[in-house]
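> Sequence:
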Amino acid sequence: MGVCYEYYRAADRAAATVQPEHSREIADATRGVPEFDVVVTKWIDPEVALGQLVAFAGQVDYSLGLVETVVLYPPPEGAPRSDEEWDALPEDSPYLEGPCIMELPVKARDMLAGVDDARLPMLAERWAAIEEFSRFTFDDDGYMLSLTQEFVGLARRAREDDQLLYCWCSL
4 MGVCYEYYRA ADRAAATVQP EHSREIADAT RGVPEFDVVV TKWIDPEVAL
54 GQLVAFAGQV DYSLGLVETV VLYPPPEGAP RSDEEWDALP EDSPYLEGPC
104 IMELPVKARD MLAGVDDARL PMLAERWAAI EEFSRFTFDD DGYMLSLTQE
154 FVGLARRARE DDQLLYCWCS L
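Using the numbering used here, the letters of the sequence shown map in sequence onto residues 4 to 174.
These are computed hints drawn from the structure, not numbers from a lab.
These numbers were taken from a predicted model, which means no experiment stands behind them.
Built from N, CA and C at the ideal position, the CB exists for glycine as well.
Fair warning: there could be bad hints in the mix.
Distance windows between CB atoms, simulated [said to hold, decoys possible]:
(1) A18 / D95: 23 to 33 Å
(2) A121 / P78: 16 to 26 Å
(3) L67 / D90: 24 to 34 Å
(4) P78 / I133: 24 to 34 Å
(5) A132 / L67: 16 to 26 Å
(6) Q22 / P83: 44 to 54 Å
(7) E135 / G156: 20 to 30 Å
(8) G156 / I29: 17 to 27 Å
(9) E24 / A121: 38 to 48 Å
(10) V74 / D40: 18 to 28 Å
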């Protein structure tokens, strides 16, 4: 199985966290889930795997704090503060099982959005070679280029519309 990460753009935190328990990929008007502009991935977490793409895009050294996210859901202010509170959570609590919504920094959006199209193939090649992807075999030579283009395109559209990038993740 694995963790599913859905990257999307939204005007603000309120818009980004509408119906947080539902996938961002599937709009469902009957449940109040709006349609989002989404890039769906597995195993590409925002801070490490995507963080390295952001570093390559911005031509900076990668560090863990480069794509420092802000957790919006489940609300941090409601999180358990003691072992007893953690133990008392119901099995289906989002604090235990997810899903989770995180806001990515403006700097990450802008680094991705600012990539020159001519650099995309080299960027995808470098990103495909990171340690986190070493266990994967990409059947299609164009897969990583396509994924890189999707992330850059999402960031560009978010910047154009003065929106931020968010990540919804679930087990």
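> For every hint, state whether the structure bears it out.
Hints, one by one, checked against the model:
1. Distance hint check for A18 and D95: the Cβ-Cβ separation is about 25 Å, which falls inside the suggested range of 23 to 33 Å.
2. A hinted range of 16 to 26 Å for the beta carbons of A121 and P78 is inconsistent with their spacing of about 43 Å.
3. For the hinted restraint 24 to 34 Å between L67 and D90, the CB-CB distance of approximately 30 Å keeps it satisfied.
4. About 32 Å separates the C-beta atoms of P78 and I133, a value consistent with the hinted range of 24 to 34 Å.
5. Taking the beta carbon of each, A132 and L67 are about 19 Å apart, inside 16 to 26 Å as hinted.
6. For Q22 and P83, the hinted distance range of 44 to 54 Å is not satisfied, since their beta carbons lie about 23 Å from each other.
7. Distance hint check for E135 and G156: the Cβ-Cβ separation is about 22 Å, which falls inside the suggested range of 20 to 30 Å.
8. Separated by about 20 Å at the C-beta atoms, G156 and I29 satisfy the suggested range of 17 to 27 Å.
9. A hinted range of 38 to 48 Å holds for the C-beta pair E24 and A121, which are about 41 Å apart.
10. Distance hint check: the CB atoms of V74 and D40 are about 22 Å apart, consistent with the given range 18 to 28 Å.
This entry does not satisfy hints 2 and 6, going by the numbered hints stated previously.
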